[in-house]
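Chemist: What follows is the residue order along each chain.
There are 2 protein chains.
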Amino acid sequence: MRQRFENQLRELNLKLLKMGAMVLEIVEEAVQSLIKQDLEMARRVYQMDDQIDELELELENECMRLLALQQPMARDLRVIGTIMKIITDLERMGDHAVNIAKVTIEIGNEALIKPLIDIPRMAKLSQEMVNKSLDAFMRSDIHLAEEVAYDDEAVDKIYEEIYKELIEMIIEDPSITRQATHLLFIGRYLERIADHATNIGERVIYMETGERVEIN
Amino acid sequence: MRQRFENQLRELNLKLLKMGAMVLEIVEEAVQSLIKQDLEMARRVYQMDDQIDELELELENECMRLLALQQPMARDLRVIGTIMKIITDLERMGDHAVNIAKVTIEIGNEALIKPLIDIPRMAKLSQEMVNKSLDAFMRSDIHLAEEVAYDDEAVDKIYEEIYKELIEMIIEDPSITRQATHLLFIGRYLERIADHATNIGERVIYMETGERVEIN
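Residue numbers (the working numbering), protein chains in the order written: chain W, 130 to 345; chain A, 130 to 345.
Just chain W, same shape as in the assembly (with noise of 0.2 angstroms):
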């Protein structure tokens, strides 16, 4: 029975990874999408989006099957119910793409206001947190969860960077103010990118200690 539960949940933790490396995809075709002014790429974002819902669903139902016919307890119920918040968080992220990718849309083939040096790096910081939250989840590592909250921090600072920029631009030259808020935006999604890889840590703690933490 022990093994039983101890495979189902190797599987699942697998399962979770892939769903993982196609959030990383997606926010990374998603910026790159603006960054180029693709608009297929663009276009792409929205099948991936499709792809990591289906992903999410299958991995909720496989948690609920574990929890029903296994009754774990203790701590392996907290492995599952944090498998369970971290899909949620991972379908989120994939949300957050799609918005990103409808900007992109939205601007088109329109000049950009100013070349984009602070989006594609919150967008990389942003990814190495998610990446770094699910190796924290994997190797149960409190250490490495609380770092992405550290990491957040970082984030909230270009972003903060970003927005003061784009204001004090648009009362320069307030004909921009519509790219301007557009650009905005996409510095907010990515924030809350970053912001669920955060949740993930924070319940990677809860899960090692059984205590609610909020870092930030």
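Any given hint could be a false lead.
The list treats identical chains as interchangeable, and a pair is accepted whether it falls inside one copy or across any two copies.
As the list claims (entries may be wrong) - Taking lysine-lysine pairs in the PhoX-like style, the calculated list, with each CA pair at most 20 angstroms apart, reads: (1) Lys293 / Lys243; (2) Lys231 / Lys214; (3) Lys231 / Lys293; (4) Lys261 / Lys147; (5) Lys253 / Lys243; (6) Lys214 / Lys243; (7) Lys231 / Lys286; (8) Lys165 / Lys243; (9) Lys261 / Lys144.
Keep in mind the hints are simulated off the structure, nothing from the lab.
Chain A: place on chain W using the hints.
Modeler: Same frame as chain W, but now just chain A:
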């Protein structure tokens, strides 16, 4: 066994409704704090959110215990899975209320750049959607669940109007940019709350039919 399961499920549902009521209240408080520029009220929103977070964790644990101990099958599994998803959506609504309160505090006592009409309208509609989505769950009412998605279109429309109006105001007078983007974000948070209500509606349809839908 069945009777015990039913009883525990009923208790779970009552607690879920309590959480729903708290979320309706926190959204109300957050929007009222903005309208009245009442910073004390805005700060209370933070405390209310802590209580919502606690209740979410409690409900989540009870869902998992019920899954593990009662070994429910088929539809029962979907019901508990739905509750677990609903509490996540409700918890996120609480976070968005906190985001609104944060903006209220940032605006502080500075004169508002416009009378707030659309934002309270949007808040009211979103709250009604939350109510309706929980009702749909309690009554297993697919039609009511579908209505929530239609209401979401109305919310999106108001948000677009707010967006256009604020951008025009910025173009006319760039000195208001900061507060205008603040209000824009409030619109975005309310739109997100409505989206979470839509998620709940979609989950209720899944619970009843086993079919995943995305209505928008």
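Chemist: Run the structure past the numbered hints and jot down the numbers of the failing ones, going up.
Modeler: 2, 6
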